[in-house]
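Enquirer: Same order as they appear, the protein sequences are chains A and B.
Per this note's numbering, the very first residue in the first sequence carries number 1; after that it's consecutive.
Per this note's numbering, the very first residue in the second sequence carries number 1; after that it's consecutive.
Treat each hint with caution, since some may be false.
As the list claims (entries may be wrong) - Taking lysine to aspartate or glutamate and the EDC-like style, the derived pairs with C-alpha atoms no more than 16 Å apart in a straight line are:
hint, chain 1, residue 1, chain 2, residue 2
1, A, Lys-504, B, Asp-100
2, A, Lys-441, A, Glu-485
3, B, Lys-123, A, Glu-363
4, B, Lys-25, A, Glu-298
5, B, Lys-101, A, Glu-277
6, B, Lys-45, B, Asp-71
7, A, Lys-372, A, Asp-415
8, B, Lys-123, A, Glu-298
9, B, Lys-25, A, Asp-304
Think of the hints as simulated: they come from the structure by calculation, not from any bench.
Note that the coordinates shown come from a computational prediction; the quantities given were computed from them, not determined experimentally.
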Amino acid sequence: MKKQNLDNSYSRDYNATARKHLVKSKVIPYAVLVGGVVLSILEWQIAQRIDGIFSEAVFPYSFLILGLSVTMMVVGLLFFYIKSYDWAVTIADANTRKINENMQELDKKVKIIEEKNRNLEKAKKTMMRLMQDISVEKNKIEEEKVKSEALLESIGDGMIATDKDEIIQVVNKAAEITLGCDSRELIGKSFPETITVEDVEGKVLLKEELPVTKAMSTRQKITSSLTNSLFFVRNNKTKFPAYVVTTPVILKENMSGAIMVFRDISREWDIDRSKTEFVSLASHQLRTPLSTVGWYAEMLLAGDAGSLSVEQEDYVKEIYNGNQRMVELVNSLLNISRMELGNLAIESEATDFIYISKSVIKEMLPTIKKKKIKMTEKYGKDIHPINADTKLVRNIFQNLLNNAIKYTPEKGKIDIEITQKDPDIVIRVSDNGYGIPEHQKDKIFTKLFRADNAKEKETEGTGLGLYIVKLIVDAAKGKIWFESEENKGTTFYVAIPLSGMAKKKGTKSLVG
Amino acid sequence: MKDEIAGSNVKKTILVIEDEIPLLKAIGDKLERSGFQIVSARTVKQALGMLEDIGNIDIIWLDHYLLGKEDGLDFVSEIKNHDRWKHIPVFVVSNTASLDKVQSYIRLGANKFYTKANYRLDKIIEDIRECLEKKENN
Numbered sequence: 001m002k003k004q005n006l007d008n009s010y011s012r013d014y015n016a017t018a019r020k021h022l023v024k025s026k027v028i029p030y031a032v033l034v035g036g037v038v039l040s041i042l043e044w045q046i047a048q049r050i051d052g053i054f055s056e057a058v059f060p061y062s063f064l065i066l067g068l069s070v071t072m073m074v075v076g077l078l079f080f081y082i083k084s085y086d087w088a089v090t091i092a093d094a095n096t097r098k099i100n101e102n103m104q105e106l107d108k109k110v111k112i113i114e115e116k117n118r119n120l121e122k123a124k125k126t127m128m129r130l131m132q133d134i135s136v137e138k139n140k141i142e143e144e145k146v147k148s149e150a151l152l153e154s155i156g157d158g159m160i161a162t163d164k165d166e167i168i169q170v171v172n173k174a175a176e177i178t179l180g181c182d183s184r185e186l187i188g189k190s191f192p193e194t195i196t197v198e199d200v201e202g203k204v205l206l207k208e209e210l211p212v213t214k215a216m217s218t219r220q221k222i223t224s225s226l227t228n229s230l231f232f233v234r235n236n237k238t239k240f241p242a243y244v245v246t247t248p249v250i251l252k253e254n255m256s257g258a259i260m261v262f263r264d265i266s267r268e269w270d271i272d273r274s275k276t277e278f279v280s281l282a283s284h285q286l287r288t289p290l291s292t293v294g295w296y297a298e299m300l301l302a303g304d305a306g307s308l309s310v311e312q313e314d315y316v317k318e319i320y321n322g323n324q325r326m327v328e329l330v331n332s333l334l335n336i337s338r339m340e341l342g343n344l345a346i347e348s349e350a351t352d353f354i355y356i357s358k359s360v361i362k363e364m365l366p367t368i369k370k371k372k373i374k375m376t377e378k379y380g381k382d383i384h385p386i387n388a389d390t391k392l393v394r395n396i397f398q399n400l401l402n403n404a405i406k407y408t409p410e411k412g413k414i415d416i417e418i419t420q421k422d423p424d425i426v427i428r429v430s431d432n433g434y435g436i437p438e439h440q441k442d443k444i445f446t447k448l449f450r451a452d453n454a455k456e457k458e459t460e461g462t463g464l465g466l467y468i469v470k471l472i473v474d475a476a477k478g479k480i481w482f483e484s485e486e487n488k489g490t491t492f493y494v495a496i497p498l499s500g501m502a503k504k505k506g507t508k509s510l511v512g
Numbered sequence: 001m002k003d004e005i006a007g008s009n010v011k012k013t014i015l016v017i018e019d020e021i022p023l024l025k026a027i028g029d030k031l032e033r034s035g036f037q038i039v040s041a042r043t044v045k046q047a048l049g050m051l052e053d054i055g056n057i058d059i060i061w062l063d064h065y066l067l068g069k070e071d072g073l074d075f076v077s078e079i080k081n082h083d084r085w086k087h088i089p090v091f092v093v094s095n096t097a098s099l100d101k102v103q104s105y106i107r108l109g110a111n112k113f114y115t116k117a118n119y120r121l122d123k124i125i126e127d128i129r130e131c132l133e134k135k136e137n138n
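Hey, can you work out the whole structure from these sequences and the hints?
Expert: Dropping the structure here:
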């Protein structure tokens, strides 16, 4: 298109200029030249015809005319060439100018194209780099995928993932091994229809009780516990206890499925059973000689083998007391091991705290009287029985009162108060005894800890009493705290929620 | 020989089933001093034999862990199946600590369960006497 235009304008201009110069360069000189020639011919003709009179008179005029015609011819010729030259130059100039202009246009266009080329090159380079980056990322993703798959396959716990309709999507290697089946038997199938789960008592779980279903319906993580394990039943009818954690998968508020991670805990069960058996056996083995020593000392002191001298009686008393301490220690250790293993059963029945308080005081009356301690009791009027484990509550009172008596000197003072401070029932035991040293207050609830002044003033003590009380209070979801000043006295507070202790299934109860 | 069972001139017979000899001796001595007549056994088999041979056992003192394969629970289930013996009060005195076992004994019909090391002999014997008195008065 542009080329054509160039031609057209070129020829158009050429025509205009040409016409102009045609007139100037061709017509005029021709006219002058022809005029000169005609004049000279005319002159020649006139000179031939005019003879005589006029020849001398006409001679200067004919010379003039001759001159004129020659001049005209020369001028015409000159004109012709100069103007022609001029015209050619002008035309050439115009052409050159035109060509230059066109060249400039072309240049501009070439520059634009070059620019565009450069941009394209740049774009191409960018694309190349992008392609490279994508390739690198793709490789990374591939690597990650391979890693993830490897991880999934190598984790020791079985994993089964389902979609929101409980259709199994993913089964990892550990799951295959633990369940003793191939993933192809499970993938694409409905979880409730393919996998059988039982509870501790051997009852098959209903669809809505299955971990995957529960996790999705409650939108919460469901965890089984050691004591409340779930049992998976394999295809070959064998079963195993499992630790199961099931998490719902929620994407942007929508239920997308569930992931169940499980582990065969047959070994943990065995260990737990052998631990329990060991504790049982150890306690039995320890208690037998303790009973022997205790009963024989008892009989000696009762005079069953004859009366004892004062010194003999003293010595046997020491034997008896030492034995009693060991019995207490074994009981405490047993209780602690039960609580820590989570085997402690918590009963829940209407428990009268005031009755227990009075009963425990009565139990300790001999020692209270012996140390001439002044006991006061204050019970709120609005205290009524709450659901709790009577034995555990009794243990709290026993430990707190026992400590108060032990760590208060003769003629000291002990208060017991029970009040209702919503939402709890609060027990307060205060004494004006040795107190707890400031720098040892943070250890008071730790296992086997006895403060320095306690150890100094009173050799008896296991360092387990408060540890046990704290375990009980924690199990009851209550609080325990104290105020104390060395050589001034101590006050312990225990708060138990009025809502009571939740009943807990366990295999053991407190002893002693 | 000071104590006599109130309301009766006949000494009560107690069957003590305990495998530890030193303990058996202590229990036996104390019971004798308290006015009981005692017979003892160390296995379930021996104990059942005693019941067979001796017509009138008034009360049974039973430990859980015994010599031989069978334990106290087996003994209790056995005697509860016999009309002759199922009414004899059973006091289980053992060092075993398991709640399951205690509950099993109670369920089978044992009267009381004591953790040996936690109780004085005289206290257990006092309870035994109380139990026999109650039985007497019924």
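Enquirer: Check whether the Cα positions of B/Lys-123 and A/Glu-363 lie no farther apart than 16 Å.
Expert: Since the Cα atoms of B/Lys-123 and A/Glu-363 sit roughly 14 Å apart, the hinted pair holds (cutoff 16 Å).
Enquirer: Between the alpha carbons of B/Lys-25 and A/Asp-304, is the straight-line distance 16 Å or under?
Expert: holds, 13 Å
Enquirer: Take a quick look at whether B/Lys-25 and A/Glu-298 sit within 16 Å of each other, Cα to Cα.
Expert: Between B/Lys-25 and A/Glu-298 the Cα gap is close to 14 Å, so the pair holds against 16 Å.
Enquirer: For the pair supplied as a hint, A/Lys-372 and A/Asp-415, is the alpha-carbon distance within the 16 Å limit?
Expert: With Cα atoms ~14 Å apart, A/Lys-372 and A/Asp-415 stay inside 16 Å; holds.
Enquirer: Would the pair A/Lys-504 and B/Asp-100 pass a check requiring their Cα atoms to be no farther apart than 16 Å?
Expert: Given that 16 Å is the threshold and the Cα spacing comes to 15 Å, the pair holds.
Enquirer: What's the verdict on A/Lys-441 and A/Glu-485, does the C-alpha distance respect the 16 Å limit or exceed it?
Expert: holds, 10 Å
Enquirer: Between B/Lys-45 and B/Asp-71, does the CA-CA distance stay at or below 16 Å?
Expert: holds, 10 Å
Enquirer: Given the hinted pair B/Lys-101 and A/Glu-277, is their Cα-Cα distance within 16 Å?
Expert: holds, 13 Å
Enquirer: CA of B/Lys-123 to CA of A/Glu-298, is that 16 Å or under?
Expert: holds, 11 Å
Against the hints set out earlier in the document, no violation occurs for any number.
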